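Each chain, written out:
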Amino acid sequence: MNGRMNAWRRLARRKGAMVGLGFVFLFVLLAVLAPWIAPHDPLATSWGAIRKAPSAAYLFGTDEIGRDVLSRVVWGARASLLAGVVSVCISLSLGVPIGMMAGYLGGWTDALISRFTDAMLACPFLILAIALAAFLGPSLTNAMIAIGISATPIFIRLTRAQVMAVKVEDYVEAARAVGNPHLRIALRHIFPNILAPVIVQATLAIAAAIIAEASLSFLGLGQQPPAPSWGSMLNTAKNYVDNAPWMAVWPGVSIFLLVLSFNLLGDGLRDALDPRHT
Amino acid sequence: MGKFLAGRLASILPTLFFVTLLIFGLQQLLPGDPAMVLAGEDQDPNVIAHLRQKMHLDQPLPLQYVHWISGVLHGDLGESLRIQKPVTELILEKLPVTAQLASMAILIALAIGVPAGVISAVKKGTAWDYAANVFALWGLSTPNFWLGILMILLFAVQLGWLPASGYISPFEDLKGNLAAMIMPAFVLGNAFAAVLMRHTRSAMLQVLSSDYVRTARAKGLSERVVILKHALRNALTPVITLGALGFGELLGGTVLTESVFSIPGFGKLIVDAVFNRDYAVVQGVVLITATTYIVLNLLADLAYFIVNPRMRG
Amino acid sequence: MKLRALAFALMLGSSFAGNAQTLRIGLAEDPDVLDPTLARTFVGRIVFSALCDKLFDLDEKLNIVPMLATSHQWSGDNKTLTLKLRQGVTFHDGEKFDAAAVKFNLERHKNMAGSNRRGELAPVAGVDVIDAQTVRINLTAPFAPLMAVLTDRAGMMVSPKAAAAAGEKFGANPVCSGPYKFVERVAQDRMVLERYAGYWNKAAINFERITYLPIVDATVRLANLRSGQLDFIERLAPSDVPGLKGDARFKIAKIVEIGYQGITINVAKSDQAQKNPLGKDARVREAFELSLDRDGIVQVAMDGEADKGNQWIAPVNRYYGKSAPIPKRDIPKARKLLAEAGVSNPSFTLMTPTTSDAQRIAQVVQAMAKEAGFDVKIQSTEFATTLNLADKGQFEAYVLAWSGRADPDGNLHSQLSCGGPTNYSGFCSKEVDALITETRVNLDPAKRAAAYDKIAALIQKDRPIVYLYHRHWLWAYSSKLSGFRTAPDGMVRVQGLKMN
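Chains as they are written, first to last, in this note's numbering: chain A, 1 to 278; chain B, 279 to 591; chain C, 592 to 1091.
For the record, the hints were derived by calculation from the structure and aren't laboratory data. Quick caveat: nothing in here was measured; it's all calculated off a predicted structure. C-beta: ideal position from N, C-alpha, C; glycine also. Be aware that one or more of the hints could be misleading.
To be verified - Below, computed lysine-lysine pairings styled on DSBU-like, alpha-carbon distance capped at 30 Å:
id, chain 1, residue 1, chain 2, residue 2
1, C, K961, A, K52
2, B, K332, C, K760
3, C, K675, C, K687
4, C, K899, C, K968
5, A, K52, C, K675
6, C, K1052, C, K961
7, C, K845, A, K52
8, C, K919, C, K866
9, A, K15, B, K402
10, C, K701, C, K687
11, B, K497, B, K402
12, C, K927, C, K866
13, C, K701, B, K363
14, B, K332, C, K752
15, B, K363, C, K752
16, C, K687, B, K363
17, A, K52, C, K919
18, A, K52, C, K701
19, A, K52, C, K1071
20, C, K842, C, K652
21, A, K167, B, K281
22, C, K652, C, K871
23, C, K913, C, K836
24, B, K453, C, K961
25, C, K1045, C, K968
26, C, K1045, C, K1021
27, B, K332, C, K899
28, C, K1045, C, K652
Unchecked claim - Label-pair restraints from in silico Cβ distances:
id, chain 1, residue 1, chain 2, residue 2, range
29, B, A522, C, E799, 38 to 48 Å
30, B, R286, A, P97, 47 to 57 Å
31, C, E698, B, G353, 33 to 43 Å
32, B, K402, C, K1071, 57 to 67 Å
Looking at chain A on its own, in the form it has when it is part of the complex:
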């Protein structure tokens, strides 16, 4: 408990991390309150307002079929946040148990898992994601699954390394000596002690996942139209950067801010949770 309080205090001292946290919070609010914040229906088309520059009626301008860009940016926050958080949750729920298994059990299990992890890491991340997304079919959910699976090996490797380091510690040895079952040792004694680096990595992975979603959308493998996501908005906007730059600017800036925030937060967490730095 004390350690956690210290970590929080250390995090609070990192101004960058706090700014990041603030922005993340702001975007979450935006996503949750989208129906009340967005001035227009994000799907409502207006044939009379095709690619109109920002004005009082449309603060961020309109897009290629006359939809309000501001409203779409606001609603798009949902897709991007979901894409980031859900895909990392998928990676975590796959990667941490598998990594713990490899690290804890060792032997053949470890060898097999490690070699497979190495193989996945050796294949380019985006190519894996593209192939998986193409296999599942373009949609936001499928993009999240594809990104989640492609990012899993990072978590397997990290968890395994942490478990290997922790399992030779005295308190784990002691728990084993008194005959605790393996699952209990893994959950009660090992898991809490490997959490910190996993949390740091997860925060940074959210940032990467948001970019990955944008990349998949850029290739047409993300959010289904007409629903908005920043990535798919950029994908459309790239055709009009010359004559309707506002279509590309706002979703791009939003991605930048959100991803930067997660990156700052992650770096701050690393400083706060990593005892080496204190």
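Place chains B and C on chain A using the hints.
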């Protein structure tokens, strides 16, 4: 040392085996019929049947896999059916392009990431720290393709300083080559800089708190000398290894950047092949990329091992 | 290798002497194999225009004009076509072009494994060499589209000697008789062609070389033109037209395409057709069509750079069926039809390739049809996957374009005759099939037009495809360039092009 080496080498074969399984398996998962995609607009049934037979798609899966692997072992990666060129030839054509792009990107990443990391560590907690942080992080926080298009509009269309896209061989026109490569290399390097910044920073922080640096300081050496001569030199080893590893990652990580800038390298080759279902190309290129990555990893481990005698225990 | 070194040297030299010697053309896609027999893509045909001469060519009004064949004669029963060939034509390897070469080429198209031309030349039974400059094509039945087919890849002549030597690898180093010969190709990067000194129409050729550069992104393609890396681009994005018009450094050329953009509806391809209101009931399809405002679609989806249409050929085409004009948008009537059909809020899925053009159309259509009560669900799907789903009939409606052929038959026969290879709607009507056959065996344009008119009326009744519009081919190029001739087939003909 021998034991470590042997173990490390022994792990390569099973990894490569899994890589081939993974590539082949993913390929099979892709929906759509490659023969139909290649048959073009006309969809002539005779052509589709012919292509299917040529791609061995009419054979059972395990046989297709064996066919591919035995080809690979004989140095034959198959043929791109779309443009009728051996995959090996395509790879030899593209590898130098992507290799150049990746090397330039890493140089740019080092130039941004290392100073940013040093400043951020030395001035920890100050405004300098944050400025350096944000400066290194902004590339990682921007989608490559977006930054690429914006740069094309600014530097090629508005200012007219650089060519918008395309590739010129350095043997043909070195100046033209550098002009064409600088934007994509910057976009890639800028993103990779953040990774180097993070590692430089934590390595520097570690070194700065070590006895070694404390002794140097106690000797009354100037802070400048301590940091640049003693701390940085020690912190730099892992960063440079990481840079080398980044090269392996960039080989397959240039996908969208190459597409935006029309650079005919590995990334564009793979993506186009995935969408065109040009199986032999996808398999061949990913296999080469993965193998390069694995070998670079091995070399990095070896370097670590040689520099860090403690690991020998 | 030596040739390549020389080519580099020339390029270096020419870059100082100004680029007037090299024409740099930006393509929207990377072509497939450069073998006229095997080639399958639209974009490949653009490169062939400079590389391989054809027996006939097309002009701006889709008239068939002589090229390698100087004159033609149909027999009385229209079952043989005799061609007089141009004298003094040689292939890039110096071989003579003659009747034997024509026979070799047509037989290669017919017999080579994997040939994509076999379907187009299906009625060709054999080829006779009459003398060195005369060749006779024998048909199993009269075939009106034959000459139009010979203006495309089926009419391209390659060197028999080179083709026999290279076998199926011919596409790696094609040898034809066009104004330019093949120098090198770097996949996804460039194709370099060099002026052929022995070309029969040498006077029309003004560039030493042509470089084709595939640049997929329209924005980047245009950026290259603007920054001077390219002299010419094909498929300018419609939204970029207004911006470029004000720029005196560039010219824009356009013409209505021979292809179409439409929505193919599964009416009988699989069981799925009967499971949704759109596939099941022609009244619902009519209501769907009436819910669409084609002017609006053209304006929004294409920035006005298309001709609206409701048939497989554009209204400007001489074979357009005038008795089936474009219906006006009529929401009340659409609602009435839906009520009659007993579905006031029909829902269906619109399969849409992931290209931004297709997605824009789908979203506009979705919004318009909604006003008549339709609930259109967009299912964006990778193009490679759509082909497979379409072929299996696992779709309800499909946003699909066709690049078009010179003869209307090429836009109709495969798409709407029973069991045609690209008949994804599953439409099959004996009456329409009989009429299509009539247009194929009748060489008289008036009779063909009458039959097409009847087909148009029948198709409009059933609506297996709701045709939307015909794009304008848009080209942009340096205003210093002169001599560009537009043609509805979207090709870039290099004869007469000149840098001033």
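Requested in this report: Mind listing which of the numbered hints don't hold for this structure, in increasing order?
Outcome: Numbers 5, 18, 19, 22, 23, 24, 25, 27, 30, in rising order.
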